[in-house]
Amino acid sequence: MTALPDTTKRKLGLVIDLDTCVGCHACVIACKGWNTQVHGAPLSDTDPYGAAPEGTFLNRIHSYEVQPANAPAQIVHFPKSCLHCEDAPCVTVCPTGASFKREEDGIVLVNEDDCMGCGLCAWACPYGAREMDAAAGVMKKCTLCVDRIYNEHLPEIDRVPACVRTCPAGARHFGDLGDPDSDVSQLVAARGGFDLMPEQGTKPVNKYLPPRPRDQGAIGADEGDIDVLAPYLAPVTEGPGGFLGWLDRALGQLPGGRG
Amino acid sequence: MHPATSVILFSSLSGLGFGLMVWLGLGYPTVTGWSAFAFYFIAYALAVGGLMASAFHLANPRNAPKAFSQWRTSWLSREAWAAVIALLVVAGHAIGVIFFATRLPWLGALGAVLALATVLTTAMIYTQLRTVPRWNTPATPVLFVTLSLAGGALLAGQTRFALPLLLLAGAVQLLHWHLGDRRAANPASTRASATGLGHIGQVRLFEPPHTGTNYLMREMVHEIGRKHARRLRVLTILLMIVLPVILLALSFSHWLAAVAVIAHLAGAITSRWLFFAEAEHSVGLYYGKGK
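The listed protein sequences derive, respectively, from chains A and B.
Sequential numbering from 1 applies to the first sequence in the numbering used here.
Sequential numbering from 1001 applies to the second sequence in the numbering used here.
Be aware that a few hints might be false.
Claimed, not checked - Computed far set for chain B versus chain A, every beta-carbon distance over 10 Å: (1) 1045; (2) 1205; (3) 1277.
Unchecked claim - With a straight-line Cα cutoff of 25 Å, these simulated SDA-like cross-link-like pairs (lysine to any residue) come out: (4) B:1291 with A:135; (5) B:1289 with A:74; (6) B:1289 with A:211; (7) B:1291 with A:75; (8) B:1066 with A:136; (9) B:1289 with A:100; (10) A:203 with B:1188; (11) B:1289 with A:19; (12) A:203 with B:1066; (13) B:1289 with A:72; (14) B:1066 with A:5; (15) B:1066 with A:134; (16) B:1291 with B:1130; (17) B:1289 with A:112; (18) A:203 with B:1059; (19) A:32 with B:1059; (20) B:1066 with A:112; (21) B:1291 with A:67; (22) B:1066 with A:74; (23) A:203 with A:189; (24) B:1066 with A:42; (25) A:203 with B:1287; (26) B:1066 with A:100.
Rather than coming from a laboratory, the hints here were simulated on the basis of the structure.
Quick caveat, the model's predicted, so the values are computed rather than measured.
Cβ atoms here follow ideal geometry from the backbone N, Cα and C, with glycine treated the same way.
With the rest of the complex left out, here is chain B (with noise of 0.2 Å):
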């Protein structure tokens, strides 16, 4: 799949700014005033600063409040909702405690549970798509979820919460990867099956529709990059997981607390362009991919 900068920073930034929405949420850190302002203005920040950075996908965006109507059916419209409804609930719940320094309790757990229901619809868009073996499977909201929360309570300064998530959302990545790799060495759809030819023999493109590109050759069967696949996995997994884990293992300062947001915030970033760098989507059996 194309790794589209505007959905890999997105999915990545909204994600890492609605776990840091929970951990407030919940009271982690207690904060008031002031502080509390920073801590809310960097997650607002990310959260909409993702989701103004996915309106950049859309080719059509006068469109895009009608992206309201089809709850019943589209995550990508559960999504919104669920998004819109997060960050009123949670700018309740900031509202009271940076100008009233009054915490309310049963609205930050109520904001908590639906930025987090947000990172949920967000990974549903893609775990849904049988059309793309490496992401329709449990383990892709597994990973949005536990890197969302770890990488949450990172920003939120919570180390004795940050230390074990992010060990957690770092074996749950190679999880990720480790079925990932076996449903595309193993597909339930292949080029027999496309073309229905299998019973005769082995299929092979002689000769592809066109002569040159086009959008979908651009958007699903994109290949570039993938060479390299090996060497950024493990730049994920150090950035992402090893290196804040250590920083933070040392000792607590801001400055160390910056440089391990930062690594991680890389390593999130590297995470997600190889999620769809790496997606192999079934129309390319079509133009001679696969097996």
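Bound-form chain A, shown alone (with noise of 0.2 Å):
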């Protein structure tokens, strides 16, 4: 049923530190990992040892350069996935019925049985969070491993996601963010974390955690320097003396030198 339920009874999603991530890019092969081997079609790949290897993937890394007006360019590892939204256009559209969302928890789903391919759906989605596979002709998408979060013969440690068991930075959270209490939505309010394009009116689940502030100290910031050491790293001479500096001043005076 494509209807959206008017609440769900826990907003259960994936709380991301942009801060912390350091783009390794394990929780891609996680994810990919444990999704193309359980239930549903396989996360195919085509012509994976070829000259043009592609494929699906519920989770996807990309890496931002960010110029700041007046200091170094930054680099952000940016981990993107299924937001599970709250208003999810991908679940509306859809013809055959075969996407949903979850009443007891808000997980979106796909029912591959239904779906007919059309892919209406993941040029509904601003994320880019759908893709179709190439080998089954059904739609894909990051199911918050549902398969592993209630699943009762797994060990307590693993009913997680397999994107956050992995994450060797701790940069992925998993929890209810419907419940102000928990863990992942005190984070979300300690750390200022924000939704991805608000104005497409999607009201995302799944939150982004900012990068901190970054220490300046490193070029031309001479006032404000927040680096406690700083003052002690200072060079303690500005220019080469003893048998270095005569070194220095023979060399220059060679033929061929800068003189």
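Two independent chains are provided; combine them into the complex using the hints.
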């Protein structure tokens, strides 16, 4: 049923920390590894060892260079998967009823037995979170590892999405964003978590934590130095003295030198 | 957006076919017997042919019958219903005029309304997408409907309706391009809002997530042919509007009308190709497109 629930009992989702993500792509591999072998169509690759390999992934890492006006550029690694939006446009456009949002926990899923592969849901998603599998001809998307988080056959520590479980930097957090007292909600409140493209009106459940302000001391910041060690690390001399000073001058006198 | 041949043929051919059904249903021209058969044959060939072309766009067509289930929320599902109901009602009217030389005006009018509603549902599939600023405007359904009515009048040989409607469709087409260009130049979503990093500085893609291409890139970050967009726009207006109008204004003959129809169809297909090829999707922002 592609009508969205008015409210969901819980809002399960991810909080992604752009400050700590190191861009290792381990979550991409863990996601593909888990989701290609459980229920539903596998995540196929086409031409995997050939000249033009490509494949279906539910989670991808972009890397951006952000250039402030008066400071060095900064690299931000940017993981992106389904945001399990409260007002998910991908669900309402689906003509067959394959796409749905669960009332109990807010997870957006695709029932592959109903999907006709028209691709309209992928067009409706602003984030590029849905990919049509080239081999199976059905739409694939992040399930929030619905087959792990409730799976009592797994040790409790593993009952989180594969991407969260594997992240070596602790940049991905999973929990109920509808509960203001949950760890993830408190993290979002403390760090100023934000929505991607709020102007699209999708009300994403997943939140992103901004990179913390960078130490600007390295280049030309004479005032407002925030590094307490900086005064002790100031250069002790501006030019070489003693033997090195003589050598510098002598080499400079030789023809072909810089004079 | 990827200008898929199946979708371009579907929306332009079926738009023309349903447009012809509108005029036939309203009794322009009032034909019976074999000539009515010829008109309805053309209308059904275009409408049904277009619908069949759209099925080639599906990656898993075995589940296509399920597309009738979600009419409460989905414009694509509504389109499926509208098309089937329109084709059945128009068929009832067609049987009357072809085999019994009897016109049921109320049934014809109902068929006309349903045929037009089908074109409107097709347009709404694109109009509803906030992710594509060029499509997400009321000008999109106006364009689809006026083009369908103008092309239908042309096919039905109704010169006195076709002339003003073609000029109107041309004006709406120019307006759609103008609005689209303005929205594309000043989009609601930017790389800054897509990444949420705009408060730090200028955002530039440093490294994409994958070295090759993927479904998203092929389907939504498609840029082939945009460099010819200006020339194709001129060509569209010449073929779709100017040439048919001149030919109709000259004098009516079947040969001139045939050339006018072919030119109009070629122009309409070019217009629909541009509709897709020029459309920017917000996912492109993550791949460093846009601003």
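Comparing the hints with the structure gives:
No Cβ of chain A comes within 10 Å of the Cβ of residue 1045 (chain B); the nearest lies about 24 Å off, and the non-interface call holds. Against chain A, the non-interface label of residue 1205 (chain B) is violated: not every CB pair exceeds 10 Å, the least being about 6 Å. Every C-beta of chain A lies more than 10 Å from that of residue 1277 (chain B), the closest at about 15 Å, which supports listing it as non-interface. As the CA atoms of residue 1291 (chain B) and residue 135 (chain A) are separated by approximately 34 Å, the hinted pair breaks the 25 Å bound.
Between the alpha carbons of residue 1289 (chain B) and residue 74 (chain A) the distance comes to roughly 19 Å, so the proposed pair stays at or under 25 Å and holds. The straight-line distance between the Cα atoms of residue 1289 (chain B) and residue 211 (chain A) is roughly 23 Å, inside the 25 Å bound, and the hint therefore holds. As the CA atoms of residue 1291 (chain B) and residue 75 (chain A) are separated by approximately 18 Å, the hinted pair is consistent with the 25 Å bound. For the hint linking residue 1066 (chain B) to residue 136 (chain A), the alpha-carbon distance of about 18 Å falls within 25 Å, and the restraint holds.
Taking the CA atoms of residue 1289 (chain B) and residue 100 (chain A), the gap is near 30 Å; set against the 25 Å cutoff, the hint is violated. Between residue 203 (chain A) and residue 1188 (chain B) the alpha-carbon distance is near 16 Å, which keeps this suggested pair within the 25 Å criterion. Distance check on the hinted pair: residue 1289 (chain B) and residue 19 (chain A) sit about 24 Å apart at the alpha-carbon level, within 25 Å; holds. Taking the CA atoms of residue 203 (chain A) and residue 1066 (chain B), the gap is about 28 Å. The hint is violated against a cut of 25 Å.
A hinted pair counts as satisfied when its Cα atoms are at most 25 Å apart, and residue 1289 (chain B) with residue 72 (chain A) qualifies at roughly 23 Å. Restraint check for residue 1066 (chain B) and residue 5 (chain A): satisfied, since their Cα atoms lie roughly 21 Å apart, inside the 25 Å limit. As the CA atoms of residue 1066 (chain B) and residue 134 (chain A) are separated by approximately 21 Å, the hinted pair is consistent with the 25 Å bound. About 17 Å separates the Cα atoms of residue 1291 (chain B) and residue 1130 (chain B), which keeps this hinted pair within 25 Å; it holds.
With a C-alpha separation of about 31 Å, the suggested pair residue 1289 (chain B) and residue 112 (chain A) falls outside the 25 Å cut-off, and the hint is violated. Proximity of residue 203 (chain A) to residue 1059 (chain B) is assessed by CA-CA distance (about 29 Å); at most 25 Å being required, the pair is judged violated. Proposed proximity of residue 32 (chain A) and residue 1059 (chain B) is supported: the alpha carbons are some 22 Å apart, at most 25 Å. This hinted pair checks out: residue 1066 (chain B) and residue 112 (chain A) have alpha carbons roughly 12 Å apart, not beyond 25 Å.
Among the hinted pairs, residue 1291 (chain B) with residue 67 (chain A) is consistent with the structure: their alpha-carbon atoms are about 14 Å apart, no more than 25 Å. A hinted pair counts as satisfied when its Cα atoms are at most 25 Å apart, and residue 1066 (chain B) with residue 74 (chain A) does not qualify at roughly 49 Å. Among the hinted pairs, residue 203 (chain A) with residue 189 (chain A) is consistent with the structure: their alpha-carbon atoms are about 17 Å apart, no more than 25 Å. For the suggested pair residue 1066 (chain B) and residue 42 (chain A), the alpha carbons sit about 23 Å apart, so the restraint of at most 25 Å is met.
Between residue 203 (chain A) and residue 1287 (chain B) the CA atoms are separated by roughly 22 Å; this keeps the pair inside 25 Å, and the hint holds. For the hint linking residue 1066 (chain B) to residue 100 (chain A), the alpha-carbon distance of about 15 Å falls within 25 Å, and the restraint holds.
The structure fails hints 2, 4, 9, 12, 17, 18 and 22 (numbered hints given earlier, in ascending order).
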